[in-house]
Amino acid sequence: MNPDLTQLVHQVTELFEDLDLSSVRQWKQAQPDRFAIGFMPIYVPREIIHAAGMLPVGVMGGGDRLEIIRGDAYFQSYICHIPRSTIELALTNRLDVLDGMLFPSICDVIRNLSGMWQMLFPDRYVRYMDVPQNFDPEVGGAFWRRELEALCQDLQSLGGTTIEDDALQHSIAIYNENRRAIRELYEARSDQPWIYPTSEIYLLLRAGNVLPPEDHTRLIRQYLDLAPLEEDRREQDMSRVVLVGMFCEQPPLGLLLTLERAGCWIVDDDLLLGQRWFGGDIPENGDPLDNLVNAYLGEGARTASVYQPEGRRGGWLVNSVKTNTAEGVIFCAPSFCDPALLEQPMLVAALEENGIPHTQFKYSENTGQFAVIREQAGTFSDSIRLWSEA
Amino acid sequence: MSDVAKERSMELQKEMIGGHFDALGQAPDDGKKVVYTFVPGNLTELIRSFDFLPVLPEINALQSGMRKLSAGYISEAEKHGHSEDVCTYVKCDVGMLKRGNVGPTGKPIPEPDLLLLSYTGCFTFMKWFELLRQEYDCPVAMLHVPYQADGTVHDHYRDYIVEQIQSEVIPKLEEVSGKKYDEDRLRASLELSAQAEDDLVWVLESAKNIPSPIDAYFGGVYYIGPIFSAFRGTEGGVDYYQTLRREIEERLAKGQGPITPEGELDEERYRLVIEGPPNWTSFREFWKMFYEEKAVVVASSYTKVGGLYDRGFRHDPSRPLETLADYCLGCYTNLSLPARVALLEEYVNEYHADGFMINSVKSCNSFSAGQLLMLRQLEERTGVPGGFIESDLVDPRYFSAANIKNRIESYLQMLEQKRMAS
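First to last, the protein sequences are chains A and B. Quick note: the first sequence uses the working numbering, first residue 1, plus one each step. Quick note: the second sequence uses the working numbering, first residue 391, plus one each step.
No lab work stands behind these hints: they were computed from the structure. You may find that some hints are simply not true.
[Said to hold, decoys possible] Residues on chain B that point at chain A, a partial pick, calculated with CB under 7 Å:
id	residue
1	H534
2	S557
3	P728
None of the values given here were measured: they were computed from a predicted structure. For glycine and all other residues, C-beta sits at the position ideal for the given N, C-alpha and C.
For reference, chain A alone in the conformation it holds in the complex (with noise of 0.2 Å):
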């Protein structure tokens, strides 16, 4: 491997590895008067924190390296795994960095560890960020917009800032172009898998989760610039499929490289799905929050926790195919995730009625063991590439 790709691969890994949020702690570091704000999944308006002159931690879990001596004993054996790795990582004094944390609208779940936020670490700044599921500019938009009032309110009151438009603008135009960058990279996952593998893609991702925006699409830049120039990156018999289903809980990096030698390319999945929320840029003149509202209600992604006044639930997964030329869908929910599973059958259905193999499996977060993933995925990447009509 081309020695800059080495490093840039590493870099990545290592930030992904770091739970002690290293690396944020070295930006507020840097100046004294500097705020981190974490969120959870899906989507919280970053662009407003980072007009802020703060930095949006995305915190994802504790994934497969933390081990849950304290965060058990706050949730029963049937809730999933990522708020008992987040209380871990807060009662372990690893989230400290954090000035403040936002929990968006996702699940029952996330919405009442807002709640325990409150009562564990009462000092601490928690917001519950309440997305519209009212698609009406007058109505949700209307409600969303003062939703977003009240963030900015907060922030300027945590920080002792004032979050202008300009600066507000300033920052759309930022995470827009990370957004562009993350978006050239999926396409060219969906063109030549090969070349950009989802175990590495993933890990550049979750980068994006600790550095600041600008350095974050500049390492994009450099990895598409990078992973062409390797020779024996070759295309494969292997076959291409959309993973669905890790919009919140993250998958171990095990699970992925596990599909992958197995015989899946992933060419379209949603993973880290807050990062790449708007298909298309955010308005980067006008009224900066009218923008963030418009598009979110009109631009956001089709996930189970929003809901689809039109109905339709798996019409974007039947495109996602459809376009990524896809052979086949693999759900791949965490266990005890609500939205997901509770989505899937809707999702099934659609695909049955476009004759599309799927198959299905849950993990947590903390999956070790894969050779049960190894074997299904292998046999239906198998089944697919080998009997499939086309």
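Given the coordinates of chain A, assemble chain B onto it according to the supplied hints.
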């Protein structure tokens, strides 16, 4: 225990609910239209003002649980690809639908003319009606109720709900019913709601007396039946709660304890507060574990999922849509965890409870996520011990009678020892 005697309110409720299911069974023939909606955040008065009949899928599911049908329905849904990990109310409802949607009267429950998705206090509701929308060719009206995360009803929350009722809910009710919105009719219904709510609160608060004349959990789920389902804002609802109140007043005057399935409880040894819904598949068995030990539940959070009337809220006919918004915002599962702990703390103190128990149900993350922290916080704040048991709403696979009985008995023995030590 004394002999079982059916009180008038019990017979009345049976007649009301039976009559409602008869009306539903007859609805296609009678030309009546049907709205499916949920208990928390229900807009019964508004629905009724358009002459719709409400169907509440959670009620159907819990009745299926009590009638020992839910296991088969859940199995049916799982055969259709629904995960074993998710809410069993949803699976029970989907399975019932797949098997013909037959209600307790033996007649099929009619298909919905409208799905009114009141998204209050439970994320799963949204997915539930999205699943039903796949099955029924009917419109959906979504009512998103913001969560009271910081314990405050902000004005823009209320505005948001009122605007949704005006721009989304009422137009769809008008379109499907073919009738115009009649605010006077709604006001009249809300007036009746408030009357019934007064009497319900009196009944629930009668448990502050020692001994309590009611069990506010196992008995309480019957008391909330009419007002949480189809009868809020009706003359029938007012009659029921007046009748119930008179009966409880009489019990109180005589110093009588709660009525159980095996008769009147003649001794009150433990006074408990319970957090969380009951198990429905073994409801009687579950209840018996308490009354056999002379344990009376004096307050419960489950009886507040369809409205938190005992903290002062009443439907207000003078501001009909705003009051519906406030109602939706105030349902128990729409409260933050700190607010839930504060409420339970008040119950322990106001009702002179010896302890509190949490029945943590696998199906309901809205209730269950965070309950272990609530347990610790409540113990710290009140100084009374808490107990923790686990079961499910309507999946009998998650009701382990021996384990639960063992835990309850151990907990009550601990209360006894604590009492003796003091």
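We went through each hint and held it up to the structure:
1. With its C-beta approaching chain A no nearer than about 4 Å, H534 (chain B) sits inside the 7 Å limit, and its interface hint holds.
2. Hint status for S557 (chain B) relative to chain A: holds, with the closest Cβ pair at about 6 Å, below 7 Å.
3. A hinted interface residue such as P728 (chain B) counts as satisfied when its beta carbon comes closer than 7 Å to some beta carbon of chain A; here the least separation is about 5 Å, so the hint holds.
When each numbered hint is compared with the structure, no violation occurs for any of them.
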